[in-house]
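Undergrad: Sequence:
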Amino acid sequence: MGRPREFDIDEALERAMQVFWERGYEGVSLTDLTKAMGITKPSLYAAFGDKKELFRRALERYTEGPADYGTRALEEPTARGVAEAVLRGAVRTTTRPGCPAGCLGVQVALASSEAGRPAHEMLVEWRNDAALRLEERFRRAVDEGDLPHDADPRRLARYLMTVTFGIAVQAASGLGRDELQDIADTALESWLPDRKNSSPRSP
Numbered sequence: 085m086g087r088p089r090e091f092d093i094d095e096a097l098e099r100a101m102q103v104f105w106e107r108g109y110e111g112v113s114l115t116d117l118t119k120a121m122g123i124t125k126p127s128l129y130a131a132f133g134d135k136k137e138l139f140r141r142a143l144e145r146y147t148e149g150p151a152d153y154g155t156r157a158l159e160e161p162t163a164r165g166v167a168e169a170v171l172r173g174a175v176r177t178t179t180r181p182g183c184p185a186g187c188l189g190v191q192v193a194l195a196s197s198e199a200g201r202p203a204h205e206m207l208v209e210w211r212n213d214a215a216l217r218l219e220e221r222f223r224r225a226v227d228e229g230d231l232p233h234d235a236d237p238r239r240l241a242r243y244l245m246t247v248t249f250g251i252a253v254q255a256a257s258g259l260g261r262d263e264l265q266d267i268a269d270t271a272l273e274s275w276l277p278d279r280k281n282s283s284p285r286s287p
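Residue numbering for the sequence shown follows the working numbering, beginning at 85 and increasing consecutively.
Watch out, some of these pointers could steer you wrong.
Across the chosen pairs, the derived CB separations fall in these ranges [said to hold, decoys possible]: (1) R141 <-> T115: 16 to 22 Å; (2) E137 <-> S197: 15 to 21 Å; (3) G182 <-> G250: 22 to 28 Å.
The hints are simulated quantities; they were obtained by calculation from the structure and are not laboratory data. All values reported here derive from a predicted model rather than from experimental measurement. By construction, the Cβ of each residue, glycine as well, lies at the ideal position given by its N, Cα and C atoms.
Starting from the given sequences, assemble the full structure and let the hints guide the process.
TA: As structure tokens, this is what we get:
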């Protein structure tokens with residue numbers, strides 16, 4: 085029989101997520117990770133595999149935790165509600181007290197060397213998946229008459245993703261929550277009106 089693990093996997097993964105969030109992928113060594121997680125390298129390999137797999141697990145935790153606003157936003161009844169929930173969620177997540185400023189996905193996406201290639205490829209897939217889910221939600225909004233019939237779901241999804249990641253970059257650069265919310269509000273001012281909630285124009 086193998087020896088039982090002497091650490092809490094959830095807690096260790098949470099700490100790893102925080103390290104990747106703050107320092108990216110390339111900027112973190114296995115020594116940094118094991119020190120932050122409070123475990124040894126053999127324990128890391130046994131529980132999580134290599135650094136690449138640990139990052140994959142940390143990204144999943146981030147998606148299901150701090151960044152779960154993206155999934156919840158898709159449940160909003162209108163396209164505008166989706167956009168508002170995504171942008172407000174981005175502002176909250178990138179300025180969470182006790183957490184690194186910015187977005188884990190953006191921090192790691194800045195990696196450019198060969199050493200950062202595994203994380204870069206994961207994040208390309210991560211971003212593409214998020215954009216596709218938004219596009220599908222906006223396509224449904226067009227079909228339901230919530231968005232104009234000539235609205236471009238892909239264009240809207242890409243626009244929203246671009247603003248969201250821009251908010252994350254600005255947060256990492258030091259902008260505060262109020263300033264970032266101003267950016268989100270400005271983006272929403274140019275959003276298409278909800279057909280279902282729009283008042284008919286007077287003749």
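Undergrad: Give a verdict on every hint.
TA: Against the structure, the hints come out as follows:
A hinted range of 16 to 22 Å holds for the C-beta pair R141 and T115, which are about 19 Å apart. Between E137 and S197 the C-beta distance comes to about 20 Å, which sits within the given range of 15 to 21 Å. Between G182 and G250, the C-beta spacing of about 24 Å keeps the proposed range 22 to 28 Å intact.
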